[in-house]
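Reassemble the complex: the two chains are provided individually, in unrelated frames, and hints are given to aid placement.
Protein sequences, first through last, are from chains A and B. Following this note's numbering, the numbering of the first sequence begins with 1115 at its first residue and continues without gaps. Following this note's numbering, the numbering of the second sequence begins with 174 at its first residue and continues without gaps.
Take these hints with a grain of salt, some might be off.
[Unchecked claim] Listed next, the in silico DSS-like pairs over lysine-lysine satisfying Cα-Cα at most 30 angstroms (straight line):
| no. | chain 1 | residue 1 | chain 2 | residue 2 |
| --- | --- | --- | --- | --- |
| 1 | A | LYS1486 | B | LYS682 |
| 2 | B | LYS851 | A | LYS1166 |
| 3 | A | LYS1748 | A | LYS1166 |
| 4 | A | LYS1773 | A | LYS1730 |
| 5 | B | LYS285 | B | LYS348 |
| 6 | B | LYS695 | A | LYS1486 |
| 7 | B | LYS695 | A | LYS1487 |
| 8 | B | LYS794 | B | LYS572 |
| 9 | A | LYS1160 | A | LYS1239 |
| 10 | A | LYS1679 | A | LYS1593 |
| 11 | A | LYS1726 | A | LYS1593 |
| 12 | B | LYS505 | B | LYS794 |
| 13 | A | LYS1718 | A | LYS1769 |
| 14 | A | LYS1487 | B | LYS851 |
| 15 | A | LYS1160 | A | LYS1263 |
| 16 | B | LYS976 | B | LYS870 |
| 17 | A | LYS1239 | A | LYS1169 |
| 18 | A | LYS1726 | A | LYS1169 |
| 19 | B | LYS348 | A | LYS1239 |
| 20 | B | LYS505 | B | LYS663 |
| 21 | B | LYS348 | A | LYS1487 |
Derived from the structure by calculation, the hints contain no laboratory data. None of the values given here were measured: they were computed from a predicted structure.
What follows is each chain in one-letter form.
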Amino acid sequence: MHRTHLSAIRLLSAALVAGSLSPLNAQAPALDRIECTSFAPNGSAKLTAYGKGFKNILYLWTPVGRIPYQQTGDKPSETEASFEGTLPDKAVPGIYEVRVVADGGISAPHFLVADDLPFFTPTDKCEADPPTTILPVACCLDGHIDPLKPKRFGLSLQQDQQVNIDVFARRLDSRLDPVLRLLTADGRELAFADDTPGLSGDAQLSFTAPTAGTYTLELRDVQYSGGGTHYFHLRVGGFSLIQGSYPRRTSIADNVACVGPDSETIDAAVSPIGTSLSGAAVTNSGLGSGFAMVAVAPGRPALEQEPNNDRESATPVATDLPAVAGRFQTDGDIDWFRLSGRQQQHLCVTAYTRNVGSPADVVLELQDASGKKLQESDDSAGHDAQLSVVLPADGHYFLSVRELSGQGGGSWTYDLDLEWAGRTEVTTTVDTVAVPAGGTATIPVSVNRLGSSNPVELTVEGLPDGIVSVPVVVSDKQKTAFVALQSTAAAPTAFHHQLHVSARHLHSDRKTPVLFSPPAPAKNAPVYELPRLRTGIFAHAAAAAEYSLLPDVALVTVEPGGEAKITITATRTGDWNQPITLSSAVPAAELPTGITISAPEMPKTTAEVVLKADGKAVPGRYSISLQGTLKKDKTTIVRPVPTITLEIRTADEKKATEKKATDE
Amino acid sequence: MRYIHALLTCCVVALPSSAAVADAAVEALKISPAEFTLVSARSYQQLAVTANPEARTIFDASAAAEFQSLNEKVAVVRDGIVYPVGDGQTEIRATLGGRTASAHVTVREVAKHEPVVFGTEVLAALTKAGCNMGACHGSPSGKGGFRLSLRGYDPELDLLTLRGEFFNRRSNLLKPEESLLLRKPLMVVAHGGGQRLQPNQPVYNVLKNWIAEGMRAEQEGTPVLERIKLLPEARVLRNDADRQQLVVQGYFSDGSVRDVTPLTAFDSSDEAVASVSASAMVRREGRGEATILARYLDRMSTSQITFLTDREGYDWQPPEIAESVDQLVFKKLYQLQIQPSDLCSDSDFLRRATLDLTGRLPTVEETTAFLEDTTESRRSAVIDRLLAHDDYARFWSLKWADLLRCNSRRLTSTGVHKFRRWLFDVVRTDMPLNRFAHELLTARGSTQHNPAANYWRASRDEIDATETTAQLFLGIRIQCAKCHNHPFEKWTQDDYYGIAAAFHRVGRKATALPQDEFIFVKDTGEVTQPRTGQTMKVRLLLQGSVDVPADQDRRAVFADWLTADTNPFFARSVANRIWGHVMGRGIVEPVDDFRDSNPPSNPELLNFLVQELVASNYSAKHLIRTIMNSRVYQLSSERNTFNQDDEIYFSHATTRMLTAEQLLDAICDVTGVPEQYKGMPAGTKAIDLVDPPDGHKFLQVFGQPQRELACECERSSDSNLSQALQLINGPVVHNKVRSEQGNIHRWIAAGQSDRQIISQLYLTALSREPAEQEFETALKHIAASENRTTALEDVAWAVINSKEFLFQH
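Extracted from the complex, chain B is given alone in its bound form (with noise of 0.2 angstroms):
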């Protein structure tokens, strides 16, 4: 630990304060790709040079530096991009400021004609144009009476598409440049969705040459893209240095390597950050780091693009660093130049604990004991204590119940309890949560007998399960994958149905006990992929299909790769939802989108804390524990001019309103109330409730999900005016707060005075006691009133409108 702090002190002191490009010199320069080969006179290479390559001065000179051939019958260079001329090899040059790179070129085959390719290079063009995108021709319905497979996932639907429909009246064989699938994009004809091209560049000059050469497929034989790299695959622009030339290599199954960056899409992850253009120039925007995803057809690769200005008056303060939560945590401030807030109080600490880990707010008699601690340990023991006490187990089995759908219309009213009971003692025993999914994933037998199985229960098919269990437990929104290959993201329709094949076995029966249904694994029942009619076999992601012997559950064949070390979603999907719960914003935000496009906000971050959950045999005990006995964990949500607008990197706590569940119970605890709900005893709390209650219209206005999604989206915290009228003068507060059976008139009946009860208040509310100000102010209202209890009872309404009560902080 200590040397951690040493270190990044060094760095503050060996790092210059600021920089500024536009003064710096070029000290050096590099071409990127260095060397290069040119096939056919159709092939080009974009370049992009990089001056100061190792300096922390390093910009992009792509646009800026002369380029020379050295031999310009065998290439030359236009706007940075190099053609091929003639066979042979050369050297392409680059200066700036004195300062000369070079790459090596080979030219081959210049006078062979090489036809266009439709797979990778028309459908290619035609999603880098946008004409098969969801708005446009790709939508199910097409546009304009023209329709193509979204972002050309049906390569054999829009090749026939483009060549037979309508007689072939889209495309003029003879005149190419005549065709309507140039004209309209070109807005020579009227085109509903505006000009999508340019003549003669390169996503042009693709489609005519195809419509010249016949329109014909891709010969057998002809290579295959196999991935694409974006190159630089990081980099970290400061002040001045506000653009990156990208570059898009192509790998194909030939083992030649292409500049594919024309035909390639790209997109930012924050264009507040960085915009890119359609030739791959990224753009500063602002400051921060923006990934930027390039896309051709379903190969993608991302850049981690960090734009910097330096801060006046910055000064990085190493803040104390208690484990490698916060080594990772303060690493990434230090580079992006934010400085982190100071520790929150020891009231705030044991408010936000109680509250992250038991969903309730701490009594008053814990608050007096911690207050009075003064042990340097008393902050870990309170997030031992409250780990080890069953309100921690009912509280995060709440949060599983929302996500497992655990409601009575799915599982029936006796199945609601069943079940959540299981979830309370499987967050209670801390089972391992690699061993929870397996459970749930491969659940058999009776429902009631074995509570897991409602996992099948709420998925009622494999579509359902496949969607599910791939939000849950992979973090992957894979739902569009169902219609079609994902326009984001890597996953396939052979992805999606080869998962759901794993699921579509299972069957389903009642059985003579109420309410039960058993649960069981059929011997027969195939998935078909409905685009190719392909019988799918089990598929694990990033791994490919698997034979499962015909008497094997194939559910357990998923669960076992799913729930092993090695898998590379599992871990990360549910460290980052921990991380999520416990810090008020996950890693990668929303916690079950994982993709390359939203990539985490601190990735060595993430991967420690998998790490972490692995070697604890995936306990959320001590991930939690871990984070919370964290520096990091333990920060004021008090911003200061140099995290004032972090929202992302974890500088400062995260302010949250509490949930619905949290709140009113709060309220309940404030004023000494219980609230009543049916069919439940006296003294159930919201966060206990195993089904969310019917018509209880505080509850809904606060955001409590039905249940019906497993997504934590379900949960709404976005504030609105309802919510104002319940806490303003809504019948629960109003209520509670003037029940002569709660807090108030308790207190009064006991004697207490104004100042104690005051101090009772905030004791219970906000753990800690009021500033004298308050106190007058409370003081100042009573002795204004004519009415003592009528006068407390307003500084109760304050105490719970106030925004310290709704929110944590």
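Isolated chain A, as found in the complex (with noise of 0.2 angstroms):
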């Protein structure tokens, strides 16, 4: 995505947020980090979240159900929650998504694993030297590292007795930069682990106890750091240490090759856990699972061949496949695949590696038969690498994908999509949207295109009673658009509801789900992104706006030279009584050829607004999206209209049009 456009949009939608949805949203719970006694796949979940602004606390949701609150104390707190229930039968072990669900708003998500490992509550805070905590050898544990203050476990081995220890905290969004040390009773190190490849900055390791007795599990962050961001949660037992699948990102019910830390690889079964985000385990009766994550993709990709470590050697690739996955298996390796184009065909070529969870930093080369190059790319805005060419003839050409430093082993891979006409992406920067009670709430998405002009048409699928959404038609021109929820007389006066926005391409026909795309991490924010790699967007009832707006008609239809008009009337509460002036959300440039709006300033109730089409006006249908603005003293409130379909047709396609009606 390009960057400055990208920017625009979060402008935008920040200005929309802080005018018209923050008010609405301002109870949200603001989450720091959730401790779990249990979070237990096909058993138990108990769970205290900590933040602020916790009123009203309804449930913990989760992409397999909600854990209901448990108020603990005389009086709700408003910066602990508490969740007590079950988690259902078809959870794995894994990384959750879940978000503290109040009457006023949702969290922003946080990320817990599900493990099938007995949950450890110490009773102490584990900080002393040497340890009074002595570890279950299977257990895991949730907790936070206070700044400089490493936690310290005991742990009693046998002699010869292997244990295996892995820390999430990277991987669930934390500020811990993890180290893990083993040492023996007076302080010597026998195990260190710091940055295990695949892991995203966390650390596992395996030891074996040379002699019997008690060891000393330290945990910290590598500089010292500490805070109630800095959670963790740590695992330790005999359960397979997981650095990653191959591939990272698949159907569900496909298989992946686990990695493991020599570059061993187990097969495992992907489950569904979001829908996005899935999980690969390896179990191990009775000592847990190790268990990888896996990005949901609409295909299994087609997995490179060993040896294509040049041009003769190439993995061929049949013609319109969407995917290919290839890991770098050795230092230095150099995956060739051969492609079959056609002349004027536009290919994209976007690499997938370091945000879904593989070390790798790809550089991806497209030569032609006579091995011409004819692009490279090694960071392209938004993803580690991506290609955008129009192949000049019909032919074979050879695609090359090598790790830029030349490094290689088990976890170092890549996925790459192949697209054959060009390439739209649609993303959305929101995450939760407040809909108001009779009025309209929009979700602004992005649109990407590279070499596709082609239209694509938003719908919005999972929405509550009484919340209506109008496809949104997104023309060749528009880079952003408005997918308008409108809240009706049937809608509950509360909901929380997790919504999917799809983009058809209507052209082919083809659905792909609108990405979140999250806004720019903040400094020292973590990059794992792939539990992040979601496509829902909450809904949640919010009470009436300053002001709401409505169109009188959903659907105008204009001739190339014609004109529509739409009345469009506000309701107003309270004292917001000024002026509003009605406008295209969209940027005039981006609006359909030939299509101009006239949008007067609304003194009070009504006003109407003009759509002019000139002759350059091309038939089709569109969708138009309008929004008002007030202003009183420093407040300024923009609120949307709902979506506009404005469909141009000819006049002969109207009389058509008109006399099937008739006939029918």
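Structure (structure tokens):
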């Protein structure tokens, strides 16, 4: 995605949020961390959330069900909330996105490990040296690290007993950059782990006790920082250590290879956790599971076939294949693929590595049959690497994939999307949306096209009763669009609902999810994006807005050279009586060709908007997004108008349609 | 071992204890060179005459001998220099004390005019006269409107300047002696640089003749000077033998050998031992060794001159020899008539070894156990135990962290932790040092996932990388060659930018990880030599340029060369650095400044250490163990009459003040009050700091480096008044000594007697029990004080302020 474009839409949506949604979502709980005393697949879930703004907490949302809120103490705490319940049978070990749902809104997501190891609850802070808390050899625990206070646990091991230790922190969006150390009772270090490849900065180690005795397991931040945001999930036991899957993006129910520390692999089936995230677990009976997280993709990618280190031995890729995956088996490994393309075909190759947990940094290069380099890509804004090439002739093309620094190993994987007719990527920065009673809320989306000019239609799935959304057609010129959610009289006064917005590519009828594109990460924020590769957007009810706007028609039809008038009616609350300026929500340059909008100021309750189509207007169906702006003192409130569908039809088309309607 | 012992003992018996050269008869004479050819009328040959060349009474007779040419129609001799007269052959005889030696001379082409060669003669003359040195016209902006390239490194520019600048007003081709170029340095005309020339001397003549001949550039095919050789290469002169004439022979590309002595510049490595005149006469100034460096443009050669004086009462007492280190050191000491000190005491050894290996003081338990140990191998057992301890890795990784500029300004706060940890593992696992260097130099990827890549984060460009790498792993300070050929060394700009070419293609980019940087190799980018404009190939010192295939990492080619067993720099540099750390002084000192003019004080010893290092697969632990198990390491720091003035031959232990971190940790140990450092957990020791803490006055005052330079010199070892103030009444010492959580209060609370507490203090601070007199003094002070606690704190303060505590000895 082009950065400037992305920035523009972020600014726009920030303005919208600041102007309209923020007050409606002011009561959303803010989460620091959640610590589990149990969060077991097919078992109990007992958790405590820490943060602020905890008021009227309802439940903890998880992709597999709700965990009810349990009030502890005489009155609810504003900084702490407990939840207790069970995880359903279908739950599998893995990383789960969870959110605290309150009357006033929904928290930002937090990530937890659902673990089939027994949860351990220490009775002290585990900071003593030597440690006073002895961990069972098969257990897991949640916690956080305070500044300058390493956690220390005792581990009683028999001679030659092996124990595997895995700490999740960066993979859970924690600020903790974890370091593991195993020490003898007299402080001599026997094992150390930091930045295990494939774990996005997390650490894991395997240790065999040289003698029977109690060892100290130390867990700390690499630079001794800490606090509530430095949380972790620690696993200790005989489970398999997994450093990622191969491939890292595939379809549910597929099998992936789970990669271990020495590049050994164990096959495991992919089970769904959320709509965009799944897990592949390797379960050792009685020892707990090792697992890898897998991004959900529409189909299984084709895997590279070694040897393919040169053009002559390139792995052939079938025409129009949507995805391939590979890995750099050894240092210096280069993978070649042979593609067949047609002249003027717009080939886009998009790499996924670091954002799905691979340590690799890929460089893509496309050559024609003669060996001439057509394009090379290292970093592409928003992606690890991306090629976008109009193929100059029918024939074979060769794609090379190499690791920028020449490193390799079992977990050094890559996944490539291959798109043969250009690429249209639709994303949103909105994670939650508050729908005001009787009003409208919008989800801004950003459309990034690479060689594709075809329109897409945005639709919302999973709407709660009483909330309606008109499909939005995004024309070839549009880079921004707004999906409106309109609350009708049938809408319940309270709801919390996960929606999914999909983009249907009208030329191919292919449907892709609108991905959440997180805002630019804050300083020192983790980058492991796999858990955040989500498509769900949370909508919840909010009180009536300062004002709401409604058009008198949902569909208008004009002929080239003609015009249509739409009356917008405002419903105001309180003393929000100031004039409202109506305008197009998208820039004028992105309006359909030949269309202009004339929107007057609305002094009181109604105003008439005129849509004009000049002779250049292209027949077809479009969506018009209008908005109103009200200024009162230093406050500016921007509210959307529900989507208006615009049909541009020639006179003949209009006549034929009217006749058809009459006939029917 | 016994054999060497016996050998040294035999030598003592066989050699005379003293010999006065003045009284020694001339038993033999030798002329050098014994055979030579003079071509053209301008040629000449300096002769050096040596009396008793094979005997201990050897002396230079060049000035004293009488010379005679057997055919003065062929050649004549004046002041020991042979000049041609006519074509032919003859013999030159030198006579002294009734002994005669002769040299054979061939004279050719006397009638043929041989023009002065600009590149090899004029520039050499200007250099010899000092015209183009850095302080004069060789400075970047020149002097008095006249600029020459520094020591003639840019002949084209100099020729242009001399011939064409200001309409050639500096020279008068018709009357060469009227040229400003001659009149100014003769001080006939005022000259800011003073008198630099004498009329009719070789330097003057070269310049005058060149002007007279039309200031011509040399013709194509003119022989090029390939190397020079300074004769004699080494000489040991005893007692009254107080001078040595040197001769410089130039070897040219046409195979000819010519005397270039008059145009050669000379320097002495130690003016307190030997001075050298412009005419190549070395004179005794004191006792010891000096290296004379001869520089002829960018060619260099050295001669090792030793002046000895028999010492009254000196009687070589062969020490027990433990290993080869001892053989080589004691051989040198024997030669120089230096008597090594005795072995140090057990408590001194334990304290010294523990500080050297771990940076900390021995614990009371360690001290007690060691002092009670009566086994013969107790010292080597301590060395092994400490080398195997993590404390060794903690301390020695600090040394590397200093040199590799492990500071958060360069590496970020996360980076310093990860890099320091990696260094800790390197030391702990005894990673072969050549692999260590190779990993650093070829590191790539994320600096967080591969901390070695921080080498390239600290070095931001090829210039920095060139200078850092050369100093760290070649032991060469090559910085000068960035702007001009090295004035005192053989390194040229081509060498400098050739190394830079190996490092130019290092790419850096941010990653999504906080504070991370990704290091990779770019496939494009070249280095241009700024003077010649030439695109540089990767250059390996003393080997030349190499072609590196386009798909290969140029750094790897350099690193392969650097870390090969055959590399002439790496192992020497590393071995010397380790020796320097353990012994307090390098065999080459400074440890990262190898150059012809700064030779090793004991070359054989350095060679031995290099062999040991290579044979042990570059094991630092092995080398340290080898050094520390030697008797040399375990010598006392107390000197005797015959090693009083020795500072460089390791005849006694080198006393040195504890480093800033060692000292602060030691004070914390003695007082029992740990220091608190921002961002580090309680109990962190100063040697474990990953980053020099901001504003820590104590550490700064005692010389903790800020890690901005890849140079050992950044750690200051100078004493200063601030240090004294810190120790006497600074807050660190004061607060810790007086702390109620400290050892004194703790021991008092535990009911210990004054004597017990004093004993504990000495054991903790000095690794020994107090002497009875020390007990008495302390007890007397306590008895005289009103407050027992304060009095005991005073005793602790006094111990901390004692030299025995502050110094490693």
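- Within 30 angstroms, alpha carbon to alpha carbon, are B:LYS348 and A:LYS1487? violated, 68 angstroms
- When you check the alpha-carbon spacing of B:LYS976 and B:LYS870, does it fall within 30 angstroms? holds, 21 angstroms
- Verify the proposed pairing of A:LYS1160 with A:LYS1239, using a straight-line Cα cut of 30 angstroms. Given that 30 angstroms is the threshold and the Cα spacing comes to 19 angstroms, the pair holds.
- Distance restraint between A:LYS1726 and A:LYS1169, which requires alpha-carbon spacing of 30 angstroms or less: This hinted pair is violated, its Cα atoms lying about 49 angstroms apart.
- Given the hint that A:LYS1486 pairs with B:LYS682, test it: the Cα-Cα distance must not exceed 30 angstroms. holds, 27 angstroms
- Given the hint that B:LYS285 pairs with B:LYS348, test it: the Cα-Cα distance must not exceed 30 angstroms. holds, 23 angstroms
- Would the pair B:LYS794 and B:LYS572 pass a check requiring their Cα atoms to be no farther apart than 30 angstroms? Distance ~15 angstroms between B:LYS794 and B:LYS572 Cα, so the pair holds.
- Distance restraint between B:LYS505 and B:LYS794, which requires alpha-carbon spacing of 30 angstroms or less: holds, 26 angstroms
- Message: A:LYS1773 and A:LYS1730 were given as a pair; does the straight-line alpha-carbon distance stay at or below 30 angstroms?
- Response: holds, 26 angstroms
- Pairwise hint evaluation, A:LYS1166 against A:LYS1748, where the allowed Cα distance is 30 angstroms at most: Distance ~28 angstroms between A:LYS1748 and A:LYS1166 Cα, so the pair holds.
- Query: If you draw a straight line from the CA of B:LYS505 to the CA of B:LYS663, is it 30 angstroms or shorter?
  - Reply: Holds, because 28 angstroms separates the two Cα atoms, which is no more than 30 angstroms.
- A:LYS1487 paired with B:LYS851 [C-alpha distance capped at 30 angstroms]: At roughly 53 angstroms apart (the allowed maximum being 30 angstroms), B:LYS851 and A:LYS1487 break the hint.
Checked against the numbered hints given earlier, this structure breaks hints 13, 14, 18, 19, 21; the rest are met.
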